[in-house]
Amino acid sequence: MGSESRQRFDVLVIGGGPAGLAAAARAAECAVRVAIVDDNFSLGGQIWRRATEGPSPQAVRWTERLRAAGTTELCGLRVFDQPQPGVLLAEGADDIHELRYQKLIVATGARERFLPFPGWALPNVMGAGGLQAMVKSGLPIDRKRVVVAGTGPLLLAVAAYLREHGAEVLMICEQASRSSLARFGVALLRQPSKMVQGLRLRKALAGVPFATNSWPVNAQGGQVLESVTISREGKSETIACDYLACGFHLVPNTELASLLGCRIESGCVRVDDFQRTTLPEVFCAGEPTGIGGMELALVEGQIAGLAAAERAAEAGALFGERKKLRAFAQALDRAFRLRAELRQLASAATIVCRCEDVPYSRLSQYASWRAAKLQTRCGMGPCQGRICGPATQFLFEWNPDSVRPPIFPVRVESLAVTAGAAEPVHQEVTGGQG
Amino acid sequence: MSDSAYDVAIVGAGIVGAACADELARRGLRVAVVDRDTVGSGATAAGMGHIVVMDDSEAQFALTRYSQHLWQQLRSELPDDVEYEQCGTIWVATDEEEMAEVRRKREYYRERGVATEALDAATLRNLEPNLRPGMAGGLLVPEDGVLYPPCAARFLLERAQQHGAQVRLGCSVAHLRQGRIALNDAPEIRAEFIVNAAGAGSPDLTAGLEIKKRKGHLVITDRYPGFLRHQLVELGYLKSAHSVSSDSVAFNVQPRRTGQVLIGSSRQYGAEHKEVDHAMLAWMLQRAQEYMPGLAGLSTVRSWTGFRAATPDKLPLIGPWSADKSLLLATGHEGLGITTSLGTARILADQITGAKPEIPVEPYLPSRMAREHVHV
Amino acid sequence: MSSLLTVSVNGIAVEVASGATVAVAAVLAGQACRTSVSGQPRGPVCGMGICFECRVTIDGKPHCRSCQILCQPGMEVRTDG
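Residue numbers (our numbering), protein chains in the order written: chain A, 1 to 434; chain B, 435 to 810; chain C, 811 to 891.
So here's chain A without its partners, still in its complex pose:
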């Protein structure tokens, strides 16, 4: 049985992506005792996966600030329950951590939305961010043929990244219409940094066919993906490829906020100007408050960190920046709205719930998520509805269930821990530099 440890912090940040790093750094610089928790083995979240040691200067800067200010880093830990207010339980590879806090900052980021279509469950069909994460985790992509599909600016970033690492990106299939994108492009003009990003991406992707009004219709292969048929301006085209990187934008990871009792509206955590949720001691920053990208996450993270450290004036100084970036986030939302045709991609036999292999035909008859779940087991698997939930919400307009512990599958022994019973093994936290 693993060991248990109990630690106490003034500000506890859950999530080591841009929002979490910024929040933790700012709070720690205010001389409060801060810890940052992430389930990956190093900080950075998704967008800065393995980037905090080099590849991204911004990631490096924030990580350095966080460290210089004396933040406790708790990587490889998965938060799964709140046994009582002010306490979180997190599971590590072979131990359990009881984390006590005065203030909590939820920076749990987002995940990709996957929509089912025939063949989507074949090996080597991955998310767009998913394939990028795999490459960052050591998957060789040199000279591999990749089709990138779905929706959202992530597709371009992923395509550019893959190309940089030697992949042959055969096509980018964006489901949004040309006019939606044009309007989005105009919104970009108002954000100089985004413009620069945009131009850089254009250069990186020169020569890669980019199709709008385009989506995957069928992925083919025996044991692995061999080709994908895409629809492009109403016509079908089959492309032989090694990987299909396919994701339909992002959905906020609101499970922890939900478990704590924070109000969630339209799938986003409701926050006030200081990034405070409906629970006074819980803040939320970044994608869970609304998908808005990295820069917005950095600003929201800083506001949350400063607010948690009770530096209202300093937090307030960032409101203007946040407002600008939020406008971009709204433009994002509008431009990449999912079109109705995507509801028709799945055939009767297409698996919708991958954990329990529940096909579309078994689900379409149910009026609610709960009814479908009870009868078919859809959503009862280990993904806890994280994959099939957003898909069925889009396909059938079902609303998800309430969240119960554990919010990630954990070992029985972890769920069996009684808060306060752990041997108090304190890890002394070095104070901030002030």
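The hints are simulated quantities; they were obtained by calculation from the structure and are not laboratory data.
Every residue, glycine too, gets a C-beta built ideally from N, C-alpha and C.
Check before you lean on any hint, since a few could be wrong.
Unchecked claim - Label-pair ranges, simulated between beta-carbon atoms: (1) C:Gln882 x A:Gly54: 30 to 38 Å; (2) A:Glu53 x C:Gln850: 36 to 44 Å; (3) A:Ser347 x B:Arg537: 54 to 62 Å.
To be verified - Some chain B residues near chain C, calculated using beta-carbon distances under 8 Å: (4) Tyr703; (5) Glu706; (6) Ser733.
Using the hints, position chains B and C against chain A.
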């Protein structure tokens, strides 16, 4: 669906309501079923789905045994997703005192024709290697089984519909009156007999019902085929189920056909909210790990709660409610709803149609509550 | 310049760069990470530990999310459980 009169209208599309609808429709009666949510959405969805004989009392034994036979007769017709498995139960004894209980139970069941096998420590270990060493032995009841209740309830309801029963889901009841069910957002349903099969919600519809909610927690793991072969229950389970007023946990695990392990059990009085209580969950899992240390490393996928409908004497209420002969009850099944649903349906239908019940019904008649207050 | 190490996937020796995850090793070995409940081959999808399609047995321990576990020299990975 018109509001013309039915012979019987049943409130509750859980396992008990569904079984009653099935039985009555197959006997040719015009049946309506109404539920405020979906099929089996109450305790039916939350429970362990076991089919067990219990020897807490003669009446409990009679009903569970009768009902178990009915399930066995039905099994060949059950669709795959009902996942009926006759995995058997092993009552686990940790010491000599509990082994004495094993011998008592064995004798009790032998006298009543229930096949059992007393297991010594070595045999128990062979059958269930993941139990911790040092168990004294156990009692194997091979005819016990498990199934997946929401699909079983759906199957029974569909069979009722094939015989003409009409089902209205997502329809909440405002109140019950003689011969009528007033619905909140739909025209009333009129029937000669009304059956309150609303489980933990039944006192809300029928004033004066002495039914209390008994909250339970469960946890299910990921797939570990072969980890567990039989349903395992600690003999202390009886102490837990016996307790009338305090919180308790008892070791009770079940193999699902999927290979997932279902871990229970817990009982609480007075807990009205459905949120998972972390302390109860932890307590229950600690107890489970005491019996099966190997559970410690298994991945838990979900936890949930449910409310059993508990009566003061631990027997269900099946029959006319004294105040109003046209209102019948089929509720109060506590932790034996799945097991006794089919038997309940039979003896309820017998009382409506005037057929001779196959087991004595007196112990389950609601009128017993008026006559005397049974103390345990 | 990262070093190389060897793990085995279903008995197949796979050489990966240190810092690579077990999911990468499975893909390189051409082995589906798992077989779904209805018998379909499955591989990693989300790359971030939430889809559970990358589950494998590592050194006898089942249901390990391979996209979140670093390869260690000599690891025995099985996907055929």
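The hints, checked one at a time:
{"no.": "1", "hint": "C:Gln882 x A:Gly54: 30 to 38 Å", "result": "violated (23 Å)"}
{"no.": "2", "hint": "A:Glu53 x C:Gln850: 36 to 44 Å", "result": "holds (38 Å)"}
{"no.": "3", "hint": "A:Ser347 x B:Arg537: 54 to 62 Å", "result": "holds (59 Å)"}
{"no.": "4", "hint": "Tyr703", "result": "violated (36 Å)"}
{"no.": "5", "hint": "Glu706", "result": "violated (34 Å)"}
{"no.": "6", "hint": "Ser733", "result": "holds (5 Å)"}
Violated hints, in rising order: 1, 4, 5; the structure is consistent with all others.
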